[in-house]
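There are 2 protein chains.
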Amino acid sequence: MKPSTDPWEMNGLTIVDVSIHDIRFPTSDYLGGSDAMNTAPDYSASYVQLSTDREGLFGCGFTFTIGRGTEIVTRMVEQLARDLVGRRIDDMVRFMAELLQEVTQDSFLRWLGPEKGVTHLAAAAVLNATWDLWARARGLPLWRLLVELDPEDLVKCLALRYLEDVLTPEEAVAMLQRRRRGHEERIRHLAENGYPGYTTSAGWLGYSDAQVQHLVEKAIDEGWSAFKIKVGRDLDDDLRRARIVRRLIGEERHLMVDANQVWEVPQAIEWVNALSEIGLHWIEEPTCPDDILGHAVIARAVAPVLVATGEHAHNRVMFKQFLSSGAIGVCQIDICRMASVNENISVLLMAEKFDVPVCPHAGGVGLCELVQHLSMFDYIAVSGSLENRWIEYVEHLHEMFVDPVRIKNGSYLLPEAPGFSSEMSPEAIAAYAYPTGTVWRARAAAQARRR
Amino acid sequence: MKPSTDPWEMNGLTIVDVSIHDIRFPTSDYLGGSDAMNTAPDYSASYVQLSTDREGLFGCGFTFTIGRGTEIVTRMVEQLARDLVGRRIDDMVRFMAELLQEVTQDSFLRWLGPEKGVTHLAAAAVLNATWDLWARARGLPLWRLLVELDPEDLVKCLALRYLEDVLTPEEAVAMLQRRRRGHEERIRHLAENGYPGYTTSAGWLGYSDAQVQHLVEKAIDEGWSAFKIKVGRDLDDDLRRARIVRRLIGEERHLMVDANQVWEVPQAIEWVNALSEIGLHWIEEPTCPDDILGHAVIARAVAPVLVATGEHAHNRVMFKQFLSSGAIGVCQIDICRMASVNENISVLLMAEKFDVPVCPHAGGVGLCELVQHLSMFDYIAVSGSLENRWIEYVEHLHEMFVDPVRIKNGSYLLPEAPGFSSEMSPEAIAAYAYPTGTVWRARAAAQARRR
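The listed protein sequences derive, respectively, from chains C and X.
Straight run, no breaks: the first sequence in this note's numbering ends on number 451.
Straight run, no breaks: the second sequence in this note's numbering ends on number 451.
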């Protein structure tokens, strides 16, 4: 389709079908993804595909989950998505604010949140699919659709409710306008160098020292310059592993640690200070993700180590407070926990306002594929900077996607295919749909034989 | 059963069955419960009954919802409750901390929260049923079971994780110990006078001025001394209705208003200050329930009007922050949104520490029945005071319960029957189970005929 100058024009295209899948990958087999809180996750997704009346045009989106319970999120996705059949795409995207309202502010479902937990995870899946569809219909990778939208049009799509004391719509437009100069130069920079990443793949808590050493060496060879390891189960173990990693990566490369919420506030301060001799760039999720004031206390006590959080920060109002109170020095947005692009861009703008770098959470399935678009957009159109900014990278499950991330020298290459890079391959869906996919049926049969 | 001196002893009784119902009452027919955010709720519940191997001994619990979406909460309740079959009750209550961990910290399900939204609502239902069962097995109304438990034993049941910077277990025990003197005197006071309530039944937003006037006059006749009305849709309407109520109730009776989260922070300040000529005791839910810092700003700007919130504050960590930052002057715990008695008593203790009165949220179905036990316990064993404390009262649906609240002169009478007053009558379940109950089937049939 040749893009018209009206970004909403879609020639009357209409959604004719919605298909929804509960997809689970048996990652617990090898403890990829294991940390102090999640000891054996099966990386999963509630996956939704919106089909249109144009052959080959569809939109895919999902929310990330970790196994059991995905069926409940999937039911909520069904509730939110089923009414989309029969909608015209141009109406959906032209009135994105209304769609956002519909999937996040339904007066019945907001009682079950509001804007948090299962209902909000489901809203993310539906909206991610909508953004994918819009970008595909325009023939653009999502980051470029966002960059090319007029700031006023983009701001109309954003989740700005309850932010007025920190970010008004007018201010959001002005921020985007101000950064328009230099768009092309920054796009060129990304096309040539990519966007820096950091790797979490070497330091899952379930891995042995030898495994960690091997993986860090491999990652150094691959060109990574920033590494994150999991901590929080045993201080001596953490010190030993952190020292191994530091010795391997040298002084110039960055080391981050992630405690996955295991500590009380005073314990976090003690533990991080005990680890700080290793030279930490950030401590991630030191305590309860709802504890804004607790994070602020920790941030003051462990400086210059930065406090990072966000993968469990359930909406923009949480980020408004984390950012405005100085509780975080690194802002970890999550494209599947918050309401997709609509809410994540609101947070990018607030982070820019408070001068906090955004380093998206991507430790899951498909999160790398999605968040790269947001970070590219952040650099091009919001922050204009790559300083102390990385996109998280985990190695597994990219092969499940039709347009997987491309990494070179520890950097994410600029996505080129139209859409949000969110489409899983038909083979992946056939194999890992739960419980009817071929892989899960085979496992059930094997289990039955063992009994 | 004659209580032994060991509060955990249950003669080996075991849970033999779990039954779960999606119960919905068509309250939207008459707009009871309507407010600025929830325009036409059908008050509902995910209801769970734990049956034991002793004839006639069971435990009932539920979480409160408002219609559509209850089926999803109900599925989550099923996930959490199904493993209880075969458990010995004495193990469940002796190791209440483990049970709490099991239903709120399951590593898969906490990804869908943690401790918020659908998963936490479901945890409340299961734990409410467990407390009802324990109190029934001991032959005591729940408030008395709590009062009679040794402070050390009670504190072992509480949700204290992530509170260490504000409330340690040792401090919790000491607070309860300190208040032991005077228990019997305060119980006598409650037996004679009841616990003061305030009524929300006169001021739902969907009611006409004439309805409001009639209901307020009736409530004055019944002896109520504190009244709450809904505001936030239109300032002129709010002023007119508030003046009507104030004129009727005079200067000595208290008037509270509830905005159900409709305002931005600056708008809340403006609106409340515009209303304050009427003489408001508190403004409830002025803005987003996640916005702790926003509430603190509003609290400073609208004083001496107090800021109240809590019915959407999803866990103790939110209350820790609301209380420690001076963001609220009235603490509105919710027995169905937080993890039952275990988490609500933690909040009672923190509220006492920060000298903030607790006035539980009870605008729903069955909430009055449940929270009265907590407020009685709060007075007897935690705060020792009734000053500026009221239990919310709404008039509808008490007839659905086997042991409904008893109100006299605007006060709640001390519950006497064993348990948590949480049992719905078999007739109510048969009529309002959704969609198979007789009432819903009749409505579906009528609707089909109209088509």
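Simulated from the structure, these hints should not be mistaken for lab results.
It is possible that part of the hints are untrue.
Here are some of the chain C residues that sit facing chain X, going by a computed Cβ distance under 8 Å [what the hints assert, rightly or not]:
| hint | residue |
| --- | --- |
| 1 | Thr65 |
| 2 | Gly69 |
| 3 | Gly117 |
| 4 | Val118 |
| 5 | Asp165 |
| 6 | Gln177 |
| 7 | Arg180 |
| 8 | Gln213 |
| 9 | His214 |
| 10 | Leu215 |
| 11 | Val262 |
| 12 | Val265 |
| 13 | Pro266 |
| 14 | Asp291 |
Reference listing, derived: stretches of chain X covered by chain C, where coverage requires no fewer than 3 residues with Cβ under 8 Å from a Cβ of chain C [unchecked claim]:
| hint | stretch |
| --- | --- |
| 15 | 172-182 |
| 16 | 232-239 |
| 17 | 431-442 |
Virtual Cβ for every residue (Gly too), placed ideally from N, Cα, C.
(Q) Please check whether His214/C passes as an interface residue: C-beta within 8 Å of a C-beta belonging to chain X. (A) violated, 27 Å
Q: Go through the hint on Asp165/C and say holds or violated, using the shortest Cβ distance to chain X against 8 Å.
A: holds, 4 Å
Q: Report holds or violated for the interface hint on Gln213/C, using the least CB-CB distance to chain X and a cut-off of 8 Å.
A: This hint is violated: Gln213/C lies away from chain X, its Cβ roughly 27 Å from the closest one there, beyond 8 Å.
Q. Taking 8 Å as the C-beta cutoff, is the stated coverage of the stretch 172-182 of chain X by chain C satisfied by three or more residues?
A. Coverage by chain C is violated for the stretch 172-182 of chain X (0 residues, Cβ < 8 Å).
Q. Can the stretch 431-442 of chain X be counted as covered by chain C under the rule of three residues or more with Cβ-Cβ separation shorter than 8 Å?
A. With 0 residues in contact (Cβ-Cβ under 8 Å with chain C), the coverage given for the stretch 431-442 of chain X is violated.
Q | Interface hint compliance - Thr65/C to chain X, C-beta minimum distance less than 8 Å | A | Constraint on Thr65/C satisfied, holds at 6 Å.
Q) Is the shortest C-beta separation between Arg180/C and chain X less than 8 Å? A) violated, 28 Å
(Q) A closest beta-carbon separation below 8 Å is what the hint needs, so does Gly117/C meet it against chain X? (A) holds, 2 Å
Q) Does Val118/C meet its interface restraint, that is, does its C-beta lie within less than 8 Å of any C-beta in chain X? A) Interface hint status for Val118/C: holds (4 Å vs cutoff 8 Å).
Q: Report holds or violated for the interface hint on Pro266/C, using the least CB-CB distance to chain X and a cut-off of 8 Å.
A: holds, 6 Å
**Q.** Hint check: 8 Å Cβ-Cβ cutoff, Val265/C to chain X
**A.** Because about 4 Å separates Val265/C from the closest Cβ in chain X, which is inside the 8 Å limit, the hint holds.
**Q.** Status of the Gly69/C interface restraint (C-beta, 8 Å, chain X)
**A.** holds, 5 Å
Checked against the numbered hints given earlier, this structure breaks hints 6, 7, 8, 9, 10, 11, 15, 16 and 17; the rest are met.
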